[in-house]
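Asker: Each chain, written out:
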Amino acid sequence: MLDYSHMFTVITPFNMLLMFLGVFGGLVVGAMPGLTSTMAVALLVPITFGMDVNQGLVMLVAVYIGSISGGLVSAALLNIPGTPSSVATTFDAYPMAKRGEAGKALGYGVFASFLGGLISFFALAVLSPLLGAFALRFGPYEYFSLVVFTLSCIISISDKSLTKGLISATLGMIMAMVGLSETDSVSRFTFGIMDLQAGFAVMPVLIGMYAISQILKDVEEIKKPFNLVNVNFSAREFFQVALTFTRSIKNVLRSSLIGVGVGILPGVGPGLSNIVAYSQAKAASKDPDSFGKGNPDGIIASETANNAATGGAMIPLLTLGIPGDATTMMMLGAFMIHGVQPGPLLMRDHSELVLIILGAYFVSNILMMLLQVYFIRVLIRALTIPRFVLYPIILGLCVIGSYALNSSMSDVWVFMASGLIGYLFIKRGFPLLPLVLGLILGRMAENELRVSIVMGNGSLEGYLHRPIALCFLGAAALSVVYSLYSKRRAKMRLANLRLNESATENA
Amino acid sequence: MRVKTGDMFMALGLMALSAALYYQCGNIDDTMAYALGPIFFPKMLIGILAALSLALFFQSVDFTGKKGWTAPARAGSAHAVVLRWSLVGLTLAYLFILPVIGYLIATIPFLFAGMCLLGPVKPKNLAIYGVTSVAVALGLQFVFATLLKLFLP
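Those sequence lines, one after another, are chains A and B.
With the first letter of the first sequence counted as 1, position 416 gets the number 416 in my numbering; the numbers rise by one all the way through.
With the first letter of the second sequence counted as 1, position 76 gets the number 76 in my numbering; the numbers rise by one all the way through.
Hints in this document: simulated from the structure, not taken from any laboratory.
Heads up, some of the hints might be wrong.
Subject to a maximum C-alpha distance of 20 Å in a straight line, what follows is the list of computed DMTMM-like cross-link-like pairs (lysine to aspartate or glutamate) [to be verified]: (1) B:K149 to A:D52; (2) A:K487 to B:D62; (3) A:K427 to B:D7; (4) B:K43 to A:E352; (5) A:K98 to A:E220; (6) A:K250 to A:E221; (7) B:K43 to B:D30; (8) B:K43 to A:D184; (9) A:K491 to B:D62; (10) A:K217 to B:D62; (11) A:K427 to A:D218; (12) B:K4 to B:D62; (13) A:K491 to A:E501; (14) A:K427 to A:E221; (15) A:K427 to A:E220.
Work out the full structure: start from the sequences and follow the hints.
Answerer: Shown next as structure tokens:
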């Protein structure tokens with residue numbers, strides 16, 4: 001059982017300063033259209049390199065919370081979601097802002113984000129120790145099956161082709177094979193380059209894939225200025241809005257549960273939770289037609305769910321060491337740099353670190369609300385920074401961040417090469433998430449599979465006698481079959497639609 | 001017969017990569033083989049990659065002309081393409097000179113050139129770019145080298 005009182009050790013003046021800076025930095029980056037929460041963590045991770053473990057973890061969690069919440073500002077004021085987790089927020093926040101109620105729209109969003117974060121904190125605090133204790137039963141069979149399940153989920157939910165998703169995951173796993181193999185210390189695919197003996201460092205690959213590819217993608221629109229809606233937001237208005245939440249308790253609870261549940265699923269995370277919660281809120285509403293026209297419930301559903309999903313996504317990360325989405329993958333890379341290996345053993349042997357993460361999660365949520373209430377003007381100013389000034393700075397920061405990891409130019413070249421590969425993949429419709437997840441989980445998959453085959457005297461039969469492993473493998477197969485089925489159904493619908501259209505034209 | 005050229009080239013490239021990696025497996029020392037050896041898993045992955053590349057190759061060709069392919073998205077303007085690859089070139093140049101002339105002397109011109117490349121080039125803008133480049137480069141140096149005691153090139 002965790003001693004939750006240890007959480008309060010996070011409250012020191014220096015840690016509070018770090019969390020303040022982390023949440024603020026996350027909010028600023030998250031608010032900027034095109035800069036996702038993944039990018040926020042990528043840009044701010046290098047700053048934690050010189051810190052000790054506790055301080056590094058505290059700041060990382062703060063950045064994560066801030067970056068997810070920051071998307072609200074641009075969603076409400078620009079009609080552009082700052083991050084994918086705020087897509088559904090635009091549906092009602094922007095119409096509300098356009099009719100002169102931008103302050104109210106932000107107020108609903110900020111308080112909903114806080115409540116979502118708070119509820120997901122409780123879910124994280126309660127579910128993590130339980131799942132961690134359960135995961136202690138896992139052996140090589142279960143872990144290999146879990147990796148297969150995670151990869152299959154991510155591949156099957158991607159809207160791109162299944163073949164391309166599988167290719168991405170396989171390439172990522174092959175990249176993980178570069179360097180000395182963990183089991184027998186044999187050099188593989190290094191092509192005689194000494195710097196490759198340790199394999200690809202995860203952070204430069206992640207930063208390159210997500211930062212460079214994003215910048216190259218945005219180049220075409222880089223000179224277009226944003227059309228900002230006027231906003232007059234005061235703390236008083238925020239507290240007035242917060243009082244009206246008594247009418248939305250059901251919506252908040254439902255959206256939080258959706259957020260936590262969806263967040264736990266690999267590959268889904270905050271990006272989808274807001275849309276699911278929004279559609280459920282609309283379905284449950286007595287006035288569904290008002291959704292999309294500035295209904296506060298739409299903003300509440302979306303913002304509660306995306307913040308609740310952050311806690312949900314942290315659960316498999318902390319208890320199983322399996323990241324669910326690109327941002328938690330970045331968090332995993334950052335944790336490992338600080339010598340923290342998430343998983344059941346972390347829960348058992350270093351529960352103080354888990355409690356520090358929990359404490360930072362709780363405090364960061366409060367800071368996130370206060371910063372958005374009292375410093376919203378600064379965030380709005382951040383939206384006016386032109387991208388042609390911002391992007392070279394981001395590139396410079398990424399280069400320094402990649403170098404600072406090991407004081408090595410090789411990591412910087414890996415960053416650059418990964419960025420170009422990432423851009424090529426995006427252009428050709430290959431999803432990036434399976435690739436980076438394959439890179440992170442590849443070695444784990446290899447080690448666990450090899451050990452499980454040895455345990456089974458060269459046979460895979462052992463998997464048939466392991467119910468948890470069988471469940472994971474069954475779920476993996478189901479997710480792929482379902483993906484194929486839904487894609488086929490969508491194709492048939494499209495074909496029928498075309499037939500109907502041509503029939504109407506002929507008539 | 002219609003062909004998705006981009007996908008076809010990707011498939012061919014991936015098949016070539018699979019072959020190269022398979023060949024490279026021959027250079028891996030597996031004399032101390034424990035638990036199926038160090039080649040087993042990479043070879044399995046390479047086999048999967050080759051099979052998937054082949055599948056992609058066939059998917060990129062519409063033999064019957066009945067596949068409901070939509071028209072490909074419009075490629076970016078020529079200006080955007082030039083801008084994009086100029087930025088890549090500029091970054092590569094920065095990476096080459098970074099270890100030679102050091103962080104500060106390399107970063108200030110890189111940031112300035114990057115802003116000039118991507119943004120409008122007017123006297124007022126140039127002044128802003130110059131001041132921002134110097135301030136950012138010095139700020140990053142202060143944070144990383146002085147405050148966090150990390151090495152910079």
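Asker: Each hint: holds or not?
Answerer: Hint check results:
1. A hinted pair counts as satisfied when its Cα atoms are at most 20 Å apart, and K149 (chain B) with D52 (chain A) qualifies at roughly 12 Å.
2. Under the criterion of a C-alpha separation no larger than 20 Å, the hint pairing K487 (chain A) with D62 (chain B) is consistent with the structure, at around 18 Å.
3. Of the pairs offered as hints, the one joining K427 (chain A) and D7 (chain B) holds, with about 10 Å between alpha carbons and a cut-off of 20 Å not exceeded.
4. The suggested pairing of K43 (chain B) with E352 (chain A) is violated, with an alpha-carbon distance near 41 Å, which exceeds 20 Å.
5. Distance restraint check for K98 (chain A) and E220 (chain A): the Cα-Cα separation of roughly 27 Å exceeds the 20 Å cut-off, and the hinted pair is therefore not satisfied.
6. Under the criterion of a C-alpha separation no larger than 20 Å, the hint pairing K250 (chain A) with E221 (chain A) is inconsistent with the structure, at around 41 Å.
7. Restraint check for K43 (chain B) and D30 (chain B): satisfied, since their Cα atoms lie roughly 13 Å apart, inside the 20 Å limit.
8. In summary, the hint linking K43 (chain B) to D184 (chain A) is supported, as the alpha carbons are separated by about 16 Å, within the 20 Å threshold.
9. Distance check on the hinted pair: K491 (chain A) and D62 (chain B) sit about 16 Å apart at the alpha-carbon level, within 20 Å; holds.
10. This hinted pair does not check out: K217 (chain A) and D62 (chain B) have alpha carbons roughly 29 Å apart, beyond 20 Å.
11. Taking the CA atoms of K427 (chain A) and D218 (chain A), the gap is about 12 Å. The hint holds against a cut of 20 Å.
12. The straight-line distance between the Cα atoms of K4 (chain B) and D62 (chain B) is roughly 8 Å, inside the 20 Å bound, and the hint therefore holds.
13. A threshold of 20 Å between alpha carbons decides the hint, and for K491 (chain A) with E501 (chain A) the separation of about 15 Å falls inside it, so the pair holds.
14. For a cut-off of 20 Å, the pair hint linking K427 (chain A) to E221 (chain A) stands: about 16 Å separates their Cα positions.
15. Taking the CA atoms of K427 (chain A) and E220 (chain A), the gap is near 14 Å; set against the 20 Å cutoff, the hint holds.
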